[in-house]
Amino acid sequence: ARLEAVLSIGTHVIPHPRKVETGGEDAFFVGGDGGGVFAIADGVSGWAEKNVNPALFSRELMANSSTFIKDEEVSQDPQILLMKAHAATSSIGSATVIVAMLEKTGTLKIASVGDCGLKVIRKGQVMFSTCPQEHYFDCPYQLSSEAIGQTSQDALVCTVNLMEGDMIVSGSDGFFDNIFDQEILGVINESLGTDEAAKALAELARKHSVDVTFDSPYSMEARSRGFDVPWWKKLLGAKLVGGKMDDITVIVAQVKTVVIPDDEGSGVELEKVGGEQLAAAGVASTEQNE
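For our numbering, count along the sequence shown from 1 and bump the result up by 373.
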């Protein structure tokens, strides 16, 4: 027999308050290939000013990623997956994106363009975080239908060796702009499973996003980059604060190990550990009534 690493995955999406009817502009997919794979794309809302639906590009990019995941050329390489999915996307627009693939040996492969993020939590501590890529504040790298945009060659590519029990928290910038690491750790510690954790994290970020008094990671970053209230308000003790309203997508995954008899095939995706369905199905929920 042999041990193989797999992901138990939960997801939750809360659209921007003004985009609930259309479902927002974030998109994602979850699959059971290898030890598990997931991806998030955040459509760039600026395209709406050109009468282009920003959701079309991110949704097609994720649909193409889901299709090409089984392509022999991809071979468990998230950067190649991004290249092929981007090349096949014909919609006008652009999106930030992150793809993560777990090999059955426990190695997590990541490729990201822009400011969708990912953190690995081990024994109650953040032991790995991706870094956002941006041209300047609030202008991240992005895959685009335009020739001047970035490509998969510009992706941040990294690998992380994971252990059983490690938690992965990934999300669009609407999530990480509105929640601090200590809050993430607290929710993960209190949650009973990945689906419950994803929902709780998304709802906490959403609560912060509409709180004009919350000193969010986004407002703190803005001040550090020189953006603030007018000088005369500073004299009165005021400062730039508040959450950032945005689409919020959260994916939470936990590393499990399953025992595979030597004479078994690839039925690992059908196994259950601790009552939670593994990566082949994932757990997806969308909150539409916010």
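It is possible that some hints are incorrect.
[Said to hold, decoys possible] No more than 27 Å apart at the CA atoms, straight line, and that leaves these computed lysine-lysine pairs for DSSO-like:
no., residue 1, residue 2
1, Lys392, Lys607
2, Lys423, Lys443
3, Lys443, Lys496
4, Lys443, Lys392
5, Lys443, Lys492
6, Lys607, Lys617
7, Lys496, Lys477
8, Lys492, Lys423
9, Lys477, Lys457
10, Lys617, Lys606
11, Lys496, Lys482
12, Lys457, Lys482
13, Lys443, Lys482
14, Lys492, Lys482
15, Lys423, Lys617
16, Lys477, Lys492
17, Lys423, Lys392
18, Lys457, Lys496
19, Lys457, Lys443
20, Lys580, Lys392
21, Lys492, Lys617
It is worth saying that the hints were derived from the structure and are not from the lab.
Name the hints, by number, that the structure is in violation of. Hint check: 1, 2, 3, 4, 8 and 18 fail, others pass.
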